[in-house]
Structure formats: structure tokens, C-alpha cells
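Peer 1: Sequence:
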Amino acid sequence: MASSSGYVTEGFTNPPNYSFPHEHLERVMKDKNRTPVVLVACGSFSPVTYLHLRMFEMARDYIRHNTEFEIVGAYLSPVSDQYKKPGLLSARHRSVSFCTPPALHSTPRRASSAAHICEALVAAAVACTLPTLSCRVAMCKLAAEESGTGLMVDSWEAFQSYQRTAIVLDHFDYEINTVLGGVQTEDGEHRPVRVMLLAGSDLISTMSEPGVWSYSDASLLLLDHILGRYGVFIIERAGSGMDQATDALAKWRHNIYLISQLIQNDVSSTKVRLFLRRGLSVRYLLPNSVVDYIERNGLYLDEGAGQSPNPPSNSDKGKEKEPVNKKDSQQPSSSPPPPTTASAGC
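full-length UniProt numbering puts the first residue of the sequence shown at 1, with every later residue one more than the last.
What the hints contain is simulated information worked out from the structure, not anything from laboratory work. Treat each hint with caution, since some may be false.
What the hints assert, rightly or not - Computed list of lysine to aspartate or glutamate pairs in EDC-like fashion (alpha-carbon distance at most 16 Å, straight line):
id, residue 1, residue 2
1, 30, 189
2, 30, 187
3, 30, 68
Unchecked claim - The following label-pair restraints were derived from C-beta to C-beta distances:
id, residue 1, residue 2, range
4, 280, 24, 31 to 37 Å
5, 68, 27, 44 to 50 Å
6, 250, 61, 22 to 28 Å
7, 253, 302, 40 to 46 Å
8, 218, 271, 41 to 47 Å
9, 16, 184, 30 to 36 Å
10, 279, 67, 18 to 24 Å
11, 19, 274, 46 to 52 Å
Backbone N, C-alpha and C define an ideal beta-carbon position, used for all residues, glycine too.
My request is simple: use the sequences and hints to build the entire structure.
Peer 2: See below:
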């Protein structure tokens, strides 16, 4: 399955006018005795919430106090429109004259099984009224800028066809370690950066549910690529147990880091969309700039508008493997990747 480079695929195809964001990537380590790490959170981010941002802060605290890692970069990676969650707010515009203030800006995924486990971090994306150019990416960029923490948004996955998480992580590894040459210590020694997934604990809990996942040999290879080569930081989510679920993943236990929420936060994109459809305020659940963006563009007002014309099926999975009969929350829907089509503009 792996290429000669050790990646899932032999090469990477970049979207038009794409450049890898690295303006906040720390190129010189502060402590040469630590291992440099970059955190990557993949998700729908429809919309991005304060909990998405808090995940990075909780990971920073945990890493600083409990590991030998040093964070040199952190990224949000919004999923492609081809992910086909019901009502996923489009990552693209059709129109250039429209709504978003910041400058924004293929390889199809075939269905497989257990590797999609590491997709469960993906934030649920349901119902919007105005799919627009780069709406989800725009909101992520606004949230990252407002946070002032050096969080970056990579649109590589968003603006092309469906990509497996294993390939997304390979892309980050390639851009950071091959193209940029990794990082350096203060005395000039070059170090490769370790890329790691950042996810909610609903990812872990679904792994241990009987009948949800199909573990074929190919899928286990992909899962091993994600958890074995890269690893994951799991943030506790309300209603998702962690300890028992990790027993099924004992093989990769050394690469799975469980982070408890000391202050429980159960804000989700699904709940935010529900509030918006009911005309309720979502201020202080999302960054102000994201709330303003949603209000300015009238997003998420009518469930069903903006949904994929082809409803998901349970027979096939676009992102590695679809859980069977799972709810929308944080779980991708079943649908083989259709031909790339542009979505309606504002």
C-alpha cells in the first residue's frame, strides 16, 4: 500500500493557486531535548466553535506538562465538499463578488474501512441556506486570526476531491519535512517534525462499538499508518468514554494520548446550527468574527437547503469507512465520492 516514500500515495496534487501555510510554523525549537510536533485537526468546522479552538489549548497544556514534545505548529484542515455530509456548507464560492473579508483561497478517495476511524473527529456539518465560496475555510481563518495563537488553516484538503486522513497527514509531513526541511535547534541541528492528529474522544468510542467498523487487511494497514506512523491526541468529549475504548487499540496505545477536559464543554457545530435555525443567539459559543460572518451571510437558517442532492447511503463510505447506523454527531455520512461539482454561490 505504501509508496517508496513511505506515504500512502506516491505524489500529491495541489489545488490551483495553493501554497502551504507556514507563516506561524516555528522554524527554530526552544528546547532541543524535546521532539517537535505539529497538531492537525481535520473536520467539517461547519461552523468552527470555541471548543474546536479549546482543543488546541488543552493539547498545549497536556503536551507541555506530560510529554517530551514541543509544539511548533497547529492547523485546522477543513474537509472537502466531496465529503458529502448532509447539508455540508460548501468550501467553495461560485461567485467572486460576495461576502468574505479575508483572502482565501485530486485524488478521489475510495471507500475502505477501519482507517476511517480516524475521521470521526470530523465535526458534523448539516444544513445551510447559502453555500458560498470558501465559507467554512473563511470562518476557520477568521477564528484562527481572532485567536491570536498562531493557529493556521490549510485549505489543501478542502479544495480538491475527497482525501483520506492518512493522505492528509502524509501531505503535512511532506510539506513540513520534505519541502520546508523540518525545523532546527538553536545550534543549527535539523530535526524532522512529527505530525499528529488532534481529535475528540467520540473518535475513540466509535472504534470499540461492535459492528460499526469492518477491519479488512487494507483498512488495518491504513489505520496502522495513521496511529502507528503519526499518532493522535484525543480530547475528552461529553458522553464519550475513553479508557475502555482504547483497549481495542492496544497495539497503538503508545501513540494515543488521552486528554481530559477539566472544565466540561459540550458545544458542538450541530447544536450551533440548531440554535441558528431556531433564531437563537450563538454569541460566546463561537468567535465574534465567525458569528458576524454567519449573520452577514445568512448561513444555517434552513435545514435541507444546501444539502447534497444525493443522500448518503449505508453501503459505501467516502472517507475510509462509514460507521453503520451512526448519528450525525461527529460522524461522516456514507457516500462514495461523486464527480466533483461546484456548489451554489451566494
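Peer 1: A separate judgement is required for each hint: does it hold in the structure or not?
Peer 2: We went through each hint and held it up to the structure:
At most 16 Å may separate the alpha-carbon atoms for a hinted pair to count; residue 30 and residue 189 meet this at roughly 12 Å. Only pairs whose Cα atoms come within 16 Å are accepted, and residue 30 paired with residue 187 is accepted, the gap being roughly 11 Å. Restraint check: the Cα-Cα separation between residue 30 and residue 68 comes to about 12 Å, which is no more than 16 Å; the hinted pair holds. Look at residue 280 against residue 24: about 34 Å separates their beta carbons, and that is inside 31 to 37 Å.
Taken as a hint, the range 44 to 50 Å is violated for the pair residue 68 and residue 27, whose Cβ atoms sit roughly 20 Å apart. Remark: the range hint 22 to 28 Å for residue 250 to residue 61 is upheld by a beta-carbon distance near 26 Å. Between residue 253 and residue 302 the beta carbons are some 45 Å apart, a value that agrees with the proposed interval 40 to 46 Å. For the pair residue 218 and residue 271, the supplied restraint of 41 to 47 Å is violated, since their beta-carbon distance comes to about 36 Å.
A hinted range of 30 to 36 Å for the beta carbons of residue 16 and residue 184 is consistent with their spacing of about 32 Å. Between residue 279 and residue 67, the C-beta spacing of about 44 Å breaks the proposed range 18 to 24 Å. With their beta carbons about 37 Å apart, residue 19 and residue 274 fall outside the hinted range of 46 to 52 Å.
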